[in-house]
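S.K.: So you can see what is in the structure, the chains are spelled out below.
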Amino acid sequence: MSNQDIEKQEFNITVYTENQIGLLNRIAIIFTRRKINIDSLNTSPSEIDSIHRFNIVITESEDVVRKVCRQIEKQVEVLKVYYHTNEDVIWQELALYKVSTDVIAEQVSVERLLRENGARVVVLRKDYTVFETSGHREETDALINILQPYGLIEFVRSARVAIIKDSDGFNSKLREFERLEPGEDVIENEYLNQGQKVFSM
Amino acid sequence: MEVANETLTAPVKAEKSIELTGSAALLEALIVEGVDTIFGYPGGAIMPIYDALVDYGDKLNHILVRHEQGGIHAGQGYARTSGKVGVVFATSGPGATNLVTGLADAQIDSTPLVCITGQVFAHLLGTDAFQETDVINITTPVTKWNYQVTDATEIPEVIAKAFYIAKSGRPGPVLIDITKNAQIQKFDFKGYTKCDHIRSYRPKPIVRQQYIQQAAELINRAEKPFILFGQGVILGEAEKEFKAFVEKSGIPAAWTVLGAGAIPTDHPLNVGMLGMHGNYGPNVLTNSCDVLIAIGMRFDDRVTGRLDKYAKQAQVIHLDIDPAEIDKNVKSTVPVWGDCKETLPLLTELVEHKEHKEWLQQFHDHTKQEVEQVIEKELNPTTDEMTMGEVIKQLNELTKGDAVIVTDVGQHQMVACRYAKLNKTRSNVTSGGLGTMGFALPAAIGAKFGAQERDVIAIIGDGGFQMTLQELGTVMQTGINIKIVILNNHFLGMVRQWQELFNERRYSFVDIQSPDFVRLASAYGIEGKRVDERKDLVSALKEMMDHQGSYLLEVTVTKENNVFPMVPQGCSVSEIRLK
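Which chain is which? The protein sequence lines are A and B, in order. Counting in my numbering, the first sequence runs without a single skipped number right up to 201 at its last residue. Counting in my numbering, the second sequence runs without a single skipped number right up to 780 at its last residue.
There could be a bad hint or two in this list.
Unchecked claim - If you anchor each label on the Cβ, the simulated ranges turn out as follows:
no., chain 1, residue 1, chain 2, residue 2, range
1, A, Ala28, B, Gln574, 49 to 55 Å
2, B, Asn530, A, Phe155, 29 to 35 Å
3, A, Asp166, B, Gln410, 24 to 30 Å
4, A, Asp166, B, Asn530, 28 to 34 Å
5, A, Asp63, B, Gln653, 46 to 52 Å
6, A, Asp63, B, Leu702, 30 to 36 Å
Derived by calculation from the structure, the hints in this document are not laboratory data. For glycine and all other residues, C-beta sits at the position ideal for the given N, C-alpha and C.
Construct all of the structure, not just a fragment, from the sequences and the given hints.
M.R.: Okay, here's the thing in structure tokens:
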């Protein structure tokens, strides 16, 4: 393993963008041109009207992540980009499991296992039951292994969503990022709801 | 629609709205943006726009090129000499895909362009319709911004945004794809307002005084400071500010290929060209300087050579408008974000007036060695056969350094960049980052339209000329006056040079045959001549320059000459070879 591989770790990249067709591609190709695999990608509207938030997980060295983030931020419709290590964020993935209802009804142990793993029933039908659980990859994986012997019909897992641990939210992180960054637009969370004003330059 | 909501800050001034087609609205928008010249080629999906052009012929000069690649390179040449945004039209499908090389070239060389492509009707999108190509996705990696218009009402805002994005900050190409229905559709045109703000887009980082101060302190303490400048100085229109900085600080300054001409080549503090085929002193002394001041340049690998042996001893001050360039290749000690037109005067104010005589002398000493071992035999050869360098030298005598020099890619490009005398900014038009062979002929056409009062000389190799020689048709039809010098060494010279030096002379497909270029030109009604002997060179060049109208001069040069000095790939700049 080269030094670079040793330096590699998971990074959570948060991108705030306009809601624009084609932007997903524009962001994705910044990774693909460097042959970086996107481990997980989630995109959804943010807490601010008309602004979208991408959560992207990649495994890379910090040096590369920093450069990639700047290249993403350079895109016209990107408002701001941040990156964090797993230690800096609280993150979750949601998983859904479809299991035959008969099996669960017959096997008492299944119910216990589900409860131990924090799974909740989403849909209960005669023919099947859908459970959900959320957590880190190992946790959602563990339940797959548990359910497999009982006839897991279908499984799906969401992309990762992450929120930063810092009690100030993005505020202090932003300031830190801003220290070496150009521009005066220190974005404060309390301003974010004011939409347009926040990102005025 | 996002665009409609966010982009225009100034209110649209509507005295009274008029009903226009999307096509007419596009052309109205171009006129307000100050566009006078369009390079393009019609086709099915852009026909409504071409139909509207008939009514705007007195305001918009459309140049019919022979291939869309020629169109976009012409747009680049126009932008590079005029400082304005180059405008290119192409149809959908193959028309649009033929733009891709030019877009990539403009993207990497930061050339402001607005390309308009026609697209199939919106209801046909995604159906594999005739001449349908997903041009937005194809061009995303090679545009600063792109957008597909499917409704005519979007056109004014989108075009305003396109011009603003293309020209502001670090310039670049923008592509707007307009579906045919939007071109035909009539709507209430409420006037056109230029865009000057997009909330998510920060063209210029705010200048931080603390970095200016840190930079000035480093410079004032430095004993062997060295300036590297690139096209950023030209794009930022900061030539005066740059000259003032250089002259006050007394620091030797060397240029990247695209920075050539930002200060005159014979300025006493201009110590020459950087990079793989740059001058000896600037390369060697990069690894001796104590403070490296990079201005509007991006440390391309052709400039730095081996990065882990590049200026490791130096503290680096990097001035750039694009934050993504800082620390990308070379770690900076002080990052001076911002437009160099703003940052340079601030820095000039704080730097001490100095003369670095001994340090400058080191550059002169290296130049002396380079003259003895390389330059003398290139410019004043004693061999029978002519060299590329002597052609450029003779050309300098005639132009006095006032002409625009457009070059293609390869040996002749390096020779022209090394030896051409440039007095003025915006005199050097070449494909730097992408290295696009076939660039020069169409770019020279555009360069002439962008600077009609100036002499435009295209210097092209026999290989590159054959990539886009169809644009001789454009030269013919427009009747413009450009001078074409083909330096014919009967080889793909640069690849041959590498094969000689690094592949033990195993020549692989570098032996290229050419047509009779003079007769070819003649078929297009362009005067021309071929020169094989030195005794005829000067008079032929003079005849070319004096000729009213375009002229093609083919000069037969020595076949297996190498461009030196050279930093072999994978070597440090200080390991530059003189032979």
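S.K.: Could you check the hint for me, namely that Ala28(A) and Gln574(B) are 49 to 55 Å apart, CB to CB?
M.R.: For Ala28(A) and Gln574(B) the Cβ distance comes to about 50 Å; the hint holds.
S.K.: Could you say whether the range 28 to 34 Å given as a hint is met by the Cβ separation of Asp166(A) and Asn530(B)?
M.R.: For Asp166(A) and Asn530(B) the Cβ distance comes to about 31 Å; the hint holds.
S.K.: Verify the CB-CB distance for Asp63(A) and Leu702(B) against the hinted window 30 to 36 Å.
M.R.: Holds: the Cβ-Cβ distance is about 33 Å, inside 30 to 36 Å.
S.K.: Given a hinted range of 29 to 35 Å, is it respected by the beta-carbon distance of Asn530(B) and Phe155(A)?
M.R.: violated (44 Å)
S.K.: Given the hint of 24 to 30 Å, is the C-beta distance from Asp166(A) to Gln410(B) inside that range or not?
M.R.: At 29 Å between Cβs, range holds.
S.K.: Check the following: the C-beta atoms of Asp63(A) and Gln653(B) are separated by a distance inside 46 to 52 Å.
M.R.: holds (48 Å)
In terms of the numbered hints stated before, the structure departs from hint 2 and from no other.
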